[in-house]
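Colleague: Listed below, chain by chain, are the residues.
Number of protein chains: 2
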Amino acid sequence: MDKLLVVKIGGNIIDDAEKLASFLHEFALLPYRKILVHGGGKLATDLAQKTGIPQQMVEGRRITDAETLKVVTMVYAGAINKNIVAQLQSKGVGALGLTGADGNAVRAHKRINANLDYGFVGDVDDVNTSLFKVLLQNNLTPVVAPITHDGLGQLLNTNADTVAQEIAKALSAHFLVSLVYSFEKEGVMLDVNDAGSVISSLNADYYDTLKENGSIFAGMIPKLDNAFAAVSSGVDKVIIGNAMHLSSLIEGTKGTTISHARQQL
Amino acid sequence: MDKLLVVKIGGNIIDDAEKLASFLHEFALLPYRKILVHGGGKLATDLAQKTGIPQQMVEGRRITDAETLKVVTMVYAGAINKNIVAQLQSKGVGALGLTGADGNAVRAHKRINANLDYGFVGDVDDVNTSLFKVLLQNNLTPVVAPITHDGLGQLLNTNADTVAQEIAKALSAHFLVSLVYSFEKEGVMLDVNDAGSVISSLNADYYDTLKENGSIFAGMIPKLDNAFAAVSSGVDKVIIGNAMHLSSLIEGTKGTTISHARQQL
Chain A
1250 MDKLLVVKIG
1260 GNIIDDAEKL
1270 ASFLHEFALL
1280 PYRKILVHGG
1290 GKLATDLAQK
1300 TGIPQQMVEG
1310 RRITDAETLK
1320 VVTMVYAGAI
1330 NKNIVAQLQS
1340 KGVGALGLTG
1350 ADGNAVRAHK
1360 RINANLDYGF
1370 VGDVDDVNTS
1380 LFKVLLQNNL
1390 TPVVAPITHD
1400 GLGQLLNTNA
1410 DTVAQEIAKA
1420 LSAHFLVSLV
1430 YSFEKEGVML
1440 DVNDAGSVIS
1450 SLNADYYDTL
1460 KENGSIFAGM
1470 IPKLDNAFAA
1480 VSSGVDKVII
1490 GNAMHLSSLI
1500 EGTKGTTISH
1510 ARQQL
Chain B
1250 MDKLLVVKIG
1260 GNIIDDAEKL
1270 ASFLHEFALL
1280 PYRKILVHGG
1290 GKLATDLAQK
1300 TGIPQQMVEG
1310 RRITDAETLK
1320 VVTMVYAGAI
1330 NKNIVAQLQS
1340 KGVGALGLTG
1350 ADGNAVRAHK
1360 RINANLDYGF
1370 VGDVDDVNTS
1380 LFKVLLQNNL
1390 TPVVAPITHD
1400 GLGQLLNTNA
1410 DTVAQEIAKA
1420 LSAHFLVSLV
1430 YSFEKEGVML
1440 DVNDAGSVIS
1450 SLNADYYDTL
1460 KENGSIFAGM
1470 IPKLDNAFAA
1480 VSSGVDKVII
1490 GNAMHLSSLI
1500 EGTKGTTISH
1510 ARQQL
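From first to last, the protein sequence lines stand for chains A and B.
The opening residue of the first sequence carries number 1250 in my numbering; numbering runs sequentially from there.
The opening residue of the second sequence carries number 1250 in my numbering; numbering runs sequentially from there.
Note that these hints are calculated values from the structure, not bench results.
A portion of the hints provided could be inaccurate.
Repeated chains share a single entry, so a pair holds when one copy, or any two copies, can fit it.
Heads up, simulated DSBU-like pairs for lysine-lysine below, C-alpha to C-alpha not over 35 Å straight-line [said to hold, decoys possible]: (1) Lys1359 - Lys1252; (2) Lys1268 - Lys1359; (3) Lys1340 - Lys1268; (4) Lys1268 - Lys1299; (5) Lys1382 - Lys1252.
Use the sequences and the hints to build the structure in full.
Modeller: Put into C-alpha cells, the structure is as follows:
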C-alpha cells in the first residue's frame, strides 16, 4: 500500500504567522501523499468578540449556537483554510481546501447529550474515502477545516483532532497511514517541564503503566486515547510532537510514535 | 461534446434565504454537468461594518485593502460558499466548494492601474481546466467563490461575473458550454419597467443597433459586453435572466439568449 500522511496542525501554530509559514514549508517538502487538517486558533474568538456574539461556556465547554457556527465557518473554512491553501500553492503543493460538506467529505450528526445541548457540534459518522482517493490520485492535497455537515443542509462544528483521526482511520483501508498530531509541544513527556523527557515510542502496555503511576499530563490523555483508538482501527502509527520539526517527527527522530506493534519496557 | 452549464447566481438572491433555497432546488434538478459561481451580497458589507473596517470607495469603486480582503474571504469562501455546498449536498448534488486558490482553479494577478490602486483585486490569467474536468468526471459539482490567487500566496478579490465567464471560456475547449447569468431581473429588456419587453434572443448586430439607439439600460452593458466576449471565445451561448426560473432559462422559454450563430432582425 502507498504511504499517506494525515497531519493535524494545532491552533497555536496557526495563530503565529511565522511559525505557520515555517510549518507549511516543511509540509510542502514531505515526499508523500498527504492530507492536512487544521484547527481554529484564537481568530474565531476574536471575531465573535468584535461582532458582539457572546461565547457561552457550560462546564468548561464552548456551546456552538447558530451565530457562533457562522463565525467558525467564516474563520475556519474562509480565512484560515484559504490562507493555508494559497500558501501551499505558492510552494508547489496542489492544495485544495475542504470542509466535511465539500464533496460530502465528512458526514456527522448533531451531538446528542441528555444533559447538555452543545449546539451545532457534530460527531463524525462517515468519511468519503472515494473522494479523498480521487483527490490524492490526482496529486491534490486536501486541506481540511474542522467543519462537517449532516447531509441535511446543516453545517456542524467538529473537533479537528477527531476529524484527523476519522480521516486517518477510514483511509487505512487504502493506504499505510501515519497520523501526525503536530502542535507546540515536543511530544509525550514524562516530566512536563523537561523537553528532554520525551517518550520516543509508546505502546498500549506502557501507556497503561504511565497512566497508573500518574506520569502522564492529564491534558494529554484524551489525545492519547484517540491515538490508541486510531492504531487499533488500522492506522499504522500516530506521531505526536512539535510542528516546527515535522520531517524529524516523520523520520521518528523527534516526538512520540505510537504504534500497535512496537514493544516497549 | 458533453453539455456543461456554468451558472452565476447574483448577490441579491444570496441575500434572500428563501429565494436562494428555491434557486438551489432548481439547480439541483438540472440534468447536466454543472458549475455554480456565486457572488457576494450584502453580508460582506455588514461584517465590515460590524468589525469597524472602513469601506473605501474611490470613483464609485470599492477598494480591497488587506482587512477587506480578509472579510470577503471569510464571507464568500466561508459563510456563503459552505452554506450553498451544504444545501446542495442535502439535495443530492455532489457539491464541492472552491476558491481560485483551491487546486489552483483560477489564477490571477493583482490589478495594475496607473491611476488607482484597487488593492487586492485580481484579474484572471488562467483557469485550471484539468482540475474542473477531474471534478466533473467524478460527479462533483464545483461551487466557486469569487476569490482567486496569484500563485505566490496572495488571495485576490475578483468579480464573480468575470470568474464565471473565464471558467466558461476555458472549458469550452472540452464541453459545449452554456453560461447563465441569473439574477433578480427577467433578462435584457427593451423597456426596463416592462418585464414583458424581454428580448428572447440577441446577436451582435442587434446588440449594436440597440446600443446605438439607446434602448439598452446602461447598467446592462458591461454584462452584455462580457457575454459577447464569451460567445466569441467558444462559449456556445450565454443566457441572462431571472434566477427564480432557472430551468426555463435553460430551455430558452424565459430570459435572453445570446449566441454567436443565431440571427435576429
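Colleague: Name the hints, by number, that the structure is in violation of.
Modeller: none
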